[in-house]
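Novice: Work out the full structure: start from the sequences and follow the hints.
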Amino acid sequence: MERAKGVDKKKSILVVEDEPGMRNILSDLAEGLGCEVAAVEDGEQAVARSSDKFDVMLLDLSLPKLGGIEVLRHYRVASPDTRVIVLTAYASMQTAVEAMRLGAYDYITKPFDVTRVEETIVGALQGAGLLAENRYLREELKRRYNFENIIGANVEVQKAYLTAARVAKTDASVLILGETGTGKEYLAKTIHYQSPRYEGPFVAVHCGALPETLLESELFGHEKGAFTNAYTRHIGRFERACRGTLFLDEVGDISLSTQVKLLRVLQEREFERLGGTETIRADVRVIAATHQDLRQAIKEGRFREDLFYRLNVVTIWLPPLRERPEDIPLFANHFLQRFSESYGSKVTKISPEAMEILLSHHWPGNLRELQNCIERAVILADGDTITPDLLHLEKAPASASEPARRGLKSLREVEKEHIKFVLEETGFNQSKAARILGIDRKTLRSKIREYGLGPGIAGDEASDSEN
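Sequential numbering of the sequence shown, starting at 0, is according to numbering that gives the first Met the number 0.
Quick caveat, the hints were computed from the structure, so don't treat them as lab data.
Computed beta-carbon distance windows for the label pairs: (1) D305 - A88: 47 to 53 angstroms; (2) Q266 - S445: 53 to 59 angstroms; (3) E412 - E139: 33 to 39 angstroms; (4) E340 - K168: 31 to 37 angstroms; (5) D305 - Y342: 48 to 54 angstroms; (6) Y308 - T212: 25 to 31 angstroms; (7) C241 - T212: 21 to 27 angstroms.
Cross-link-like lysine-lysine pairs, in silico, DSS-like; alpha carbons within 27 angstroms at most: (8) K348 - K446; (9) K188 - K158; (10) K345 - K446; (11) K168 - K158; (12) K431 - K158; (13) K431 - K419; (14) K188 - K431; (15) K415 - K431; (16) K158 - K141; (17) K446 - K431; (18) K348 - K419; (19) K109 - K64; (20) K441 - K345; (21) K9 - K52; (22) K419 - K441; (23) K52 - K141; (24) K431 - K168; (25) K415 - K441; (26) K64 - K52; (27) K188 - K141; (28) K348 - K415; (29) K431 - K348; (30) K441 - K431; (31) K223 - K260; (32) K158 - K419; (33) K446 - K158; (34) K168 - K188; (35) K415 - K158; (36) K298 - K260.
Cβ coordinates follow ideal geometry from the N, Cα and C atoms, glycine included.
Specialist: As structure tokens, then:
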């Protein structure tokens, strides 16, 4: 008999089977695939081994002391990366179906074919590696999309971030308002990755980019034959976002007919695919965003008022870059550092004349435009400094730029206020504040002395030691 191909890296398997002969057969099969194998005879012993984080578990559903379903429930919490293959007799197929709903990888009926068992184990082991990798990537995303990493000294922006940090801990719907390029999707991702749903997917739909018929299919999915050219079943974004977050960008562009269906999902937490009759539960957190004035759209009959209030549980407004000029130097230097590192460039600073042009520009494209501007300048620069000619921006006339510049502060003032804000938010914990500011503690202590920021070095260091 030809054996299924094994796996490259040695993996671990737990065999949970009360019948000794069957337990030995399954153990031999797993060892023959090059795996480290442990075997137990009842559910309680299986639960006791959950801390070992096995890659795969072969689980008989009919066990003494503690049933297979209870063991599976425990592993979903205690060892979620363990892929579970359930073993069942024909008479207990209903239990196998329940196990699949609880997250089992696959099921095998007794008596079983050896090749089928080997192929299923190999598939589970290969998938287990992907699960571990995906978990690592999720943790990386959680670190990247963190409120501590968000840049902004503007008061309105700080209020927006504070609100976002609070709502992230809940499951409430969020409506993010702001012009194109102000960072709405970035904020939505940060809310998701700092929420209890962070292990689930973040799925984005750009509603304005899709025609009405295609948008419905993308949101809710469709069955084979639901319409012309629907040759196969299509899983929609609501299903893909199960246990995660669905981000509806430019929600104001959705047609009234699609708004009705979206409202029903938000109200009933269920839907059907187009052309289908199966009711599907929607375990999804919805974050919507738009650059439009939805209240005006309601008055004009373009947006449903009831849908607005479903989406508008918490509203967060991100001001345009022209209304937060104190943030322009912060973002410009942030983008400079990022692109200098990614392109291996020697550019390290922006000349005062170039910064003056950045401060006077209207920025209709907001942060996205500023980012592109700095990236282009880094690519084109020959020396270590970004100069005006590299920006490809014209300095606005004094009279035209004056309204935008009203109330502008010097870089020194902006830096002082931002450091003070971060220190206050961290309870003057210097280690945490330095990490947020992207500087070392020695530099931070120097800045504290330079700007006369209390409550004092000794107190700060004491605070650090307690956290």
